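Engineer: Each protein sequence line maps, in turn, to chains A and B.
With positions in the first sequence counted from 1, the corresponding number in my numbering is that position plus 304.
With positions in the second sequence counted from 1, the corresponding number in my numbering is that position plus 4.
I should point out that these hints are in silico values taken from the structure, not numbers from a laboratory.
Partial chain A-side listing against chain B, Cβ under 8 Å, derived: (1) Gly344; (2) Leu345; (3) Gly346; (4) Leu347; (5) Gln349; (6) Gly362; (7) Phe394; (8) Ser402; (9) Asn403; (10) Leu406; (11) Phe408; (12) Ser410; (13) Gly411.
Predicted model, so just to flag it, every value in this text is computed and none were measured.
All C-beta atoms, glycine included, are put in the ideal place defined by N, C-alpha and C.
So you can see what is in the structure, the chains are spelled out below.
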Amino acid sequence: EAQVTQNPRYLITVTGKKLTVTCSQNMNHEYMSWYRQDPGLGLRQIYYSMNVEVTDKGDVPEGYKVSRKEKRNFPLILESPSPNQTSLYFCASSEQGSNEKLFFGSGTQLSVL
Amino acid sequence: GESVGLHLPTLSVQEGDNSIINCAYSNSASDYFIWYKQESGKGPQFIIDIRSNMDKRQGQRVTVLLNKTVKHLSLQIAATQPGDSAVYFCAGTESSASKIIFGSGTRLSIRP
Numbered sequence: 305e306a307q308v309t310q311n312p313r314y315l316i317t318v319t320g321k322k323l324t325v326t327c328s329q330n331m332n333h334e335y336m337s338w339y340r341q342d343p344g345l346g347l348r349q350i351y352y353s354m355n356v357e358v359t360d361k362g363d364v365p366e367g368y369k370v371s372r373k374e375k376r377n378f379p380l381i382l383e384s385p386s387p388n389q390t391s392l393y394f395c396a397s398s399e400q401g402s403n404e405k406l407f408f409g410s411g412t413q414l415s416v417l
Numbered sequence: 005g006e007s008v009g010l011h012l013p014t015l016s017v018q019e020g021d022n023s024i025i026n027c028a029y030s031n032s033a034s035d036y037f038i039w040y041k042q043e044s045g046k047g048p049q050f051i052i053d054i055r056s057n058m059d060k061r062q063g064q065r066v067t068v069l070l071n072k073t074v075k076h077l078s079l080q081i082a083a084t085q086p087g088d089s090a091v092y093f094c095a096g097t098e099s100s101a102s103k104i105i106f107g108s109g110t111r112l113s114i115r116p
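Same shape as in the complex, but just chain A (with noise of 0.2 Å):
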């Protein structure tokens, strides 16, 4: 079955304990991204790849890190979580680009204490 598949759903963690949320696609997409969900700011795009080892800033990539060495893996990496980023995060896929469908994992819920 085609998917992005996000772990762990749910985290819940303390202020500087670095975390990594894993993403991975099996439908050989170029193009992932990864975005935070805030009630009232809808999807908010953080880092994105358009190819491996090609990485670029989102709207939102303070405190943030990513990487993409394989292209099926796009692994979110928060060195030092902070309260603010507790939300909701989603990563994405597309054939190769944000002008087309994409195809989002289930979410991970962070809490970050």
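Assemble the complex: chain A is given as a structure, and chain B must be docked to it using the hints.
Structural biologist: Quick look at chain B alone, frame taken from chain A:
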């Protein structure tokens, strides 16, 4: 800056009626638009898209209308069913750009 928004945060319709969800955008260079449906506890799911060289596109029970003059698009759902309960997002992008801008969503609820 650029924005894509939805006119109403919530919409309640009678089961079996048609639903119309509206969206406005600010960037006249936007040339590709998508509607997504997000059910509770799930990620957004693609419903239908439209490019700026069209003003109407139909899918199964859904129609998207694009009015470039007033920078407005709408999603029409025919014969609304309980399974249509969700939050609906519009999103817009430029072909030459690498990011997509999402609206904040309209929550559609169905009255029995």
